[in-house]
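2 protein chains.
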Amino acid sequence: MRIVVLAGGIGGARFLRGLKSAAPDADITVIGNTGDDIHLFGLKVCPDLDTVMYTLGGGIHEEQGWGRAGETFAVKEELAAYGVGPEWFGLGDRDFATHIVRTQMIGAGYPLSAVTEALCARWQPGVRLLPMTDDRVETHVLIDDPEAGGAEGAAEGRAPRKAVHFQEYWVRLRASVPAHAVIPVGAEQAKPAPGVLDAIAGADVILFPPSNPVVSVGTILAVPGIREAIAEAGVPVVGLSPIVGDAPVRGMADKVLAAVGVESTAAAVARHYGSGLLDGWLVDTVDAAAVSEVEAAGIRCRAVPLMMTDVAATARMATEALTLAEEVRT
Amino acid sequence: MRIVVLAGGIGGARFLRGLKSAAPDADITVIGNTGDDIHLFGLKVCPDLDTVMYTLGGGIHEEQGWGRAGETFAVKEELAAYGVGPEWFGLGDRDFATHIVRTQMIGAGYPLSAVTEALCARWQPGVRLLPMTDDRVETHVLIDDPEAGGAEGAAEGRAPRKAVHFQEYWVRLRASVPAHAVIPVGAEQAKPAPGVLDAIAGADVILFPPSNPVVSVGTILAVPGIREAIAEAGVPVVGLSPIVGDAPVRGMADKVLAAVGVESTAAAVARHYGSGLLDGWLVDTVDAAAVSEVEAAGIRCRAVPLMMTDVAATARMATEALTLAEEVRT
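Top to bottom, those sequences are chains Z and H.
Taking full-length UniProt numbering, I'd label the letters of the first sequence as residues 1 to 330.
Taking full-length UniProt numbering, I'd label the letters of the second sequence as residues 1 to 330.
Hints listed in this document are in silico derivations from the structure and should not be mistaken for laboratory results.
Ranges between beta-carbon positions, derived for each pair:
1. Z:90 - H:224: 45 to 51 Å
2. H:224 - Z:114: 39 to 45 Å
3. Z:83 - H:189: 32 to 38 Å
4. Z:83 - H:77: 25 to 31 Å
Away from chain Z, derived, C-beta distances all over 12 Å, residues of chain H:
5. 27
6. 65
7. 111
8. 114
9. 144
10. 148
11. 183
12. 191
13. 198
14. 224
15. 246
16. 268
17. 293
18. 295
19. 319
20. 320
Partial pick of chain Z residues on the chain H-facing surface, computed with a CB cut under 8 Å:
21. 42
22. 74
23. 75
24. 78
25. 82
26. 97
27. 103
28. 104
29. 107
C-beta atoms are modelled at their ideal positions from N, C-alpha and C, and glycine is treated no differently.
Excised from the complex, chain Z in its bound form:
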């Protein structure tokens, strides 16, 4: 069975671990979000691709969910001693090596997809990991800019705003201020990376793990051609709600859902994807009341436990998703 998964970072990576356990013989292609990518210290950092790679390759910091296990921070401390920031992005020494290799290869002319394949040659994640695109896409978030103040905005009766890199919003500001818009800068001009459209066209099942529907899965879908390919693939597309009991299971998905005018409920996220894209949707048992609402929107829905407490629980979620896929196939 050929499974295509659109993955963000932690949620996507943990789901994939469960999926591999549930379907050990499946041929899994992961289309990874690169809208979170950021250049730090002159190095290209791909947080979501790395989280998938480290998690499936056995190198992840388990408790933290991102970064490497057993990290040290000598490089970061030295950079701070040089007065070179930002200090709010936690890059460990082991992680730095990944970014150094990636940046060197990109500098030598390799596209990100080839670099990712080379890095995975070490990690052996057991899936084919593709970036959504080889082109540069950077998710920016529009927030209020109290420092700008000034007459211009006031005269027009609105607060001045500014766009910040997603990582600045997410990591530095911890999504503590309202997001007025989420803009995947460069997405309109981006092309799917080699292999992405072929994988979708050849898939038996397409899964949306409980990743952020706006800044993870949404950014992947913003690359022209990907959403269309999924809608036209003619195979079951099943998602798992990242919202449980009206709150994100982890992270701050509610903040960016608000920016796109979507309520932070399991049903609202399903409707956001829409029946044109989604055939099936899993909500948590606490959201069982949402099932009829989702089905009314033309999306088959089941309520099952959706807490990825361990690999076994996550594998059961993956099995439920694959079971629902078979149900909607007929």
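Keeping the supplied structure of chain Z fixed, place chain H upon it in accordance with the hints.
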């Protein structure tokens, strides 16, 4: 007193520490060799500039003479795990941070001289450290290439040869094979870095520390304009022999001296620089017999202890050099 010093790595850096101790009020400008510079892992590494900076700034690994004290090697181990080499160049985590900052600044358009100034803002070496040039110069060494074998070289009756980067010759091969030539690639097209010629023109004394006369001081002198400026400065130029008792005090200077047809003796090195450049020369007391030979070549010479065993001994060497400078000034 304005002192200009042409410095390589360890020998130059240690001499400078003694000079600062001997002449605490002097205004010292160091013209650093950049022919050893190498791009590793996509990062620009300047071993000699860094050795001077770390040594004078209190960050050097004292026993080793290069690199940072208290180093860890997480990045290097990870790069090896990715199969990315070379593994023979020992970059520690702390050191990596320096190269990351440098590479980022160069990528942003700053010349090496500005980058060096920025790095020194942290280290406060107590001297003005200038790269010899902002242009790329890479010292290559011509060696036999037994692997090439083949008919071409044999037909011409000579062994095939190849040029390797100086660091590959020095660090990987440990100068274990004969050097047929030392070529500062790019030197002919290089311009002295901003401040270099002004510092020489404004100097009261110019010193050649016991650095490698071929690949350190020699490379600096290979940048068009520097040798001429020194010869025309009209101030005492005094050097200290890196050869003591017919052998290099440290390193493998004899190997590269052979490549330029210079005997590995204190007197031969003085004659190699020549009386057109050098006014005074210090040899070690064990080489006292060389004094008359050097003086016969038109260079004032004194035999004094030249082992840089500690800062105090090195400061005495610096004092002897400054004293000799005053002698030759009249």
